[in-house]
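Turn these sequences into a full structure, and let the hints steer you where they fit.
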Amino acid sequence: VTAHPGNNQRWCYVVDDDAAVRDSLRFLLKSVGLPISPHVSAQEFLAVYAGEPGCLVLDICMPGMSGLELQQRLNFESALIPVVFITGHGDVPMAVEAMRHGAFDFLEKPFHDQDLIDRVRRAFEKMRGAAAG
Amino acid sequence: VQVETAQLESRRVRSDRVEHVRMGEMVTDILHELNQPLVAIANYAQASARLLATDSADLTDVRAALEQISAQAIRAGRIVRRLRTLSHHRMVLTDGEQ
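Residue numbers (this note's numbering), protein chains in the order written: chain R, 11 to 143; chain B, 53 to 150.
The set of hints was computed from the structure by calculation and includes no laboratory data.
From the three backbone atoms N, C-alpha and C, an ideal C-beta is built for every residue, glycine too.
Among the hints, a few may not be true.
[As the list claims (entries may be wrong)] Not everything, but these chain B residues come out facing chain R in the computed CB check (under 10 Å):
#1 58
#2 83
#3 100
#4 129
Right under this line is the structure:
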């Protein structure tokens, strides 16, 4: 079931191809009251996302369209949503590339819950600032 | 005869190298796969601890997370077994060459 934001609600979009990772992130973010909209692939996310404010937690390495490709697509469409990448070991060169293309931050999997929560909250703040400015 | 031996030797070294690279790629893939259940376990456990720290924790949620932790640990175990099979296979190959 894909949740989708209503008006004025900031959502944490999660795109990860692994069902367990996705569900555990939903559980984690829900436990601190952050509304989450999980997606199985970059394509599925693009099909529903229409520029709403929030934050995108994005797996870097996915079959089909990769996280980096999705980021470039969003950049091309001038989307303002901050992207926090989650990467596996050995994906550091890809994470560096993501940062060069304007990623908000990245985290190596597995991560401390507080690190993710802090980044998501800061990303929300950033988007609020961007929308106001 | 010496030329033939040298050719055989260089072919053996080459196929050995190909085998090494292929094995390395498989191990990288399996390690990447192994990381996924570990991420899920860490997330479920940390979120459960957060929920239990509040007065209004919904134990149904916590129980569901515990079941997921156990399922993901079993999933990780299966992946480790595959890795072990692969390393055993490699040892057999190396022994055969000696």
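Checklist entry - Do the numbers back the hint for residue 129 of chain B, that is, is its least Cβ distance to chain R under 10 Å? => result Constraint on residue 129 of chain B not satisfied, violated at 14 Å.
Item to check | Interface hint outcome for residue 83 of chain B [beta carbon to chain R under 10 Å] | outcome: Constraint on residue 83 of chain B satisfied, holds at 7 Å.
Next on the checklist: Can you verify the interface hint for residue 58 of chain B: is its Cβ closer than 10 Å to any Cβ in chain R?
Outcome noted: With Cβ-Cβ at 37 Å, over 10 Å, it is violated.
Checklist entry - Close enough to count: is the Cβ of residue 100 of chain B nearer than 10 Å to one in chain R? => result 8 Å, holds
The structure fails hints 1, 4 (numbered hints given earlier, in ascending order).
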